[in-house]
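Asker: Protein sequence lines correspond, in order, to chains A and B.
So for the first sequence, our numbering puts the first residue at 1; every next one is plus one.
So for the second sequence, our numbering puts the first residue at 1001; every next one is plus one.
Everything labelled a hint here was simulated from the structure, so no lab data went into it.
On a predicted model such as this, the values are computed, not experimentally measured, just so you know.
Any given hint could be a false lead.
Simulated pairs of lysine-lysine, BS3-like, Cα-Cα distance not exceeding 30 Å [claimed, not checked]:
no.	chain 1	residue 1	chain 2	residue 2
1	A	K123	B	K1027
2	B	K1008	B	K1075
3	B	K1008	A	K187
Partial selection, computed: residues in chain B whose CB lies under 7 Å from chain A [to be verified]:
no.	residue
4	S1097
5	R1101
6	Q1110
The beta-carbon is built from N, C-alpha and C at its ideal position, and this holds for glycine as well.
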Amino acid sequence: MSNATSVEDVDVLTPWQENWYKLRANKIAIAGLIVLMMLITSAIFAPLIASHAPNEQFIDSLLAPPFWSEGSKAGFVLGTDDLGRDMLSRLLYGARYSLFLGFAIVLISLVTGVAIGALAGMKQGITETVILRLMDIMLAIPAILLAIVIVAILGASLFNAAMAVSIVLLPHFVRITRAAVISEINKDYVLASRLDGTRGWKLLFRTLLPNISAPLIVQATLSFSNAILDIAALGFLGLGAQPPTPEWGTLLSTSREFIETAPWTVTLPGLAILITVLASNLLGDGLRDALDPRIDQ
Amino acid sequence: MPVLLEAKNISKSYQGKNRLFGGSLVKVLHDVSLQLQAGEILAIVGESGSGKSTLARQLVMLEQPDSGEILLDGKPFQSVTAIHRQVRMIFQNPAASLDPRKRVYQLLEQPLLNLTGLSGSEREELIYRTLDQVGLNNDQASYYPHMFSGGQRQRIAIARALILNPQVIVSDEAVSALDVSVQAQILNLVMDLRDQIGMSWLFITHDISVVNVIAERVLVLYAGRVMESGPVKEVLENPAHPYTQRLLQSVPGAGDSDRLVAVVQMIPAAEAQAMEYTGCAYRHRCLLADQQCVKSEPPMISLAGRSVACFRAKSML
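Same shape as in the complex, but just chain A (with noise of 0.2 Å):
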C-alpha cells in the first residue's frame, strides 16, 4: 500500500512555493528584497565591517566631511559629527537598533493583532462590537500623537517607544484578521474542517490562518517600514532612544543644528532611513501583487 516515499517528497509545487515563483518575476520587489537582506547583512555583521566603536571620539576631527568632499580625512569613509564619531559606524551600528526594533515591533503587533482580531471575527457578537471600537478609537488618533501619549505614559526610552509602536501599529492587524476570518469562516471548506473534528484554536491556526496569511503578510512588510518611521520620529523628538545610542531618529535629531554647516551629518541618516522604508515598501508591494487571489491563475 504506502511507497517508500512520503507524502512530502513527491514533486508538487507547495502554494508557497508557487507564491515566491510569482514574486520572483517582480523585480523591483526582488530589489527591494535585496536591499533589505543587504541591510540586515550589514546590521547583523556591523562589528566586522565598521572600522570604529559607534561611540569612539576623534578629537582632532570633528565633523570631517565624507570622502567626496574637500577636506575629507582618511578612515572617515562618511565623515564624523560634531563629537568626532565615524559617521558610517553609526550607521551601521544604528541598523541594529532600527531594524531589529522593526521586526520586534511587527512580531508583537501581529502576533497580539491577530489573536485579537481571530477572537474579534470567530466569537462575534459584544466581544466583537468591543474590541472593534476600541480599535476605531485607536484609529482616530493620527500614529505619532498616540505614540507620543504612551511614551509620555509609560516614560522616555527606547522599549518603551517600541511598546507605543506596536500598539499604534495593532488596530491594523486586528481589522485585516478580523475581516479575513470572517469571511473564510463560513466558507464550505472550514465547515467541512469542522464537521473533520476541527475547532477552536486548532481551526484557526490549521485551517484559517494558512488561508488568510497573503493580506497579512502583506501588512506586516509595510507596517515594518511604519514602524522603523515612528520609531525614528520618537527618536527625533527625544521620546525613544537617547544619546548617545546611534539609533538613525537619534542621529537625525542629535545633528540637525549642522544641517547648514555639515549637511552629511543630517542627510545619511535620514537616507538610511528613507532607503529602508523604500526598500520594505517595495517588497510589501511585490508581495500584495504576488499573494492577492484575484490576480491569480
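Once you have looked at the hints, place chain B on chain A.
Answerer: For chain B alone, kept in the frame of chain A given last:
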C-alpha cells in the same frame, strides 16, 4: 428495514437581515420529520430556498435545531464527536469544500487525527485504501485540490466522508456543480459504494432525473415543509401532491405534456416563507387551492404507499 437516522418535527429559524428596527425571525424549517432506513438512499428534492441545505446542516450537527429531535439508531444525539464520526457530509462544490492549503493526504488525515485514535501507519493504510475505493491513485495523495478536475475533487470529498466508515452520508447537491458526464460517474460511484459498504445515504438534490436513478425513496420539501414522501416509484410516477406534479412537469422529458411547465413564481419561495399566512404553504401557487386550504394546514396522510400533505391528494391520483 430498521430506521437508522430519524428526524422528528425539526424546526429552525434564522434572524433576518439586520434592518433599521431589527430583523424578524425567518422560519426555514417547519416540523420536518424524516426516517432514513439502514442501507437505503433517500433523496430530498425541492426548489431553491425550500430548506434542503438547512435540513442537512441540522442532520450533521453543524447547527442545532430550535425544536424537534434527531435520533441515530433510536438514540438522541449526544456527543458531537460521535455524530461527526457516524454522520458525514459532502458539500455541493468540491472546489470550495476542500481546503486549498492542504494536500489530499492531509485533508483525509484530518478527520482521522481529530476523531479517531489510529496510529500513523493505520492512518496511512486507511487513506490509501479509501483513495483506491473512490478511484484515485496513491501518488495523487500528495497533490493539492486545485490540481484536480471537478469530478476528481468530488471523489476526494467522498473519500473524506467515507474514511471514517460512517453509518450515514448526507450529500448536499453533490453532483449539481459537475458536468453531466462526470455526474454519471459520481452517481455510479455513490451506488457502488452503497452496495459494497452498505451505508445509508441522504441525497439532497434539485434534479428529479437524478432521483429516479439513484434513490429508493424520495421526500419532497417546499417552504420548509414536507409535501410528500414515499418510494420513488410511486411518488414520481404518480404524484399525489400538486407541487410534486409541478416539479415533475418542469423536468425535461419527465412530464406528459409537450411543453415544459415552469414552476410558477407567483410568490418567490423565500417571501412565502417570511409571510404570515394561514393554511397550506403551497396554496399561493396551487391551482387546486380553495377555502379549505386557506383555513387550515393539511395534515400528513397516508395514501397509496406514501405520505402526503394535501386535501386534494385523493383527486390527484
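Asker: B:K1008 and B:K1075 were given as a pair; does the straight-line alpha-carbon distance stay at or below 30 Å?
Answerer: With a Cα-Cα distance of about 12 Å, the restraint between B:K1008 and B:K1075 holds, given a limit of 30 Å.
Asker: For B:K1008 and A:K187, compute the direct alpha-carbon distance and say whether it is at most 30 Å.
Answerer: 28 Å, holds
Asker: A:K123 and B:K1027 were given as a pair; does the straight-line alpha-carbon distance stay at or below 30 Å?
Answerer: 24 Å, holds
Asker: So, B:R1101 near chain A? Judge it on the closest CB pair being under 7 Å.
Answerer: 4 Å, holds
Asker: Next item in the hint list is B:S1097. Is there a CB on chain A closer than 7 Å to its CB?
Answerer: It holds, given that the least Cβ distance between B:S1097 and chain A is near 4 Å, below 7 Å.
Asker: Do the numbers back the hint for B:Q1110, that is, is its least Cβ distance to chain A under 7 Å?
Answerer: Holds. Min distance 5 Å.
Hint compliance for this structure: no hint is broken.
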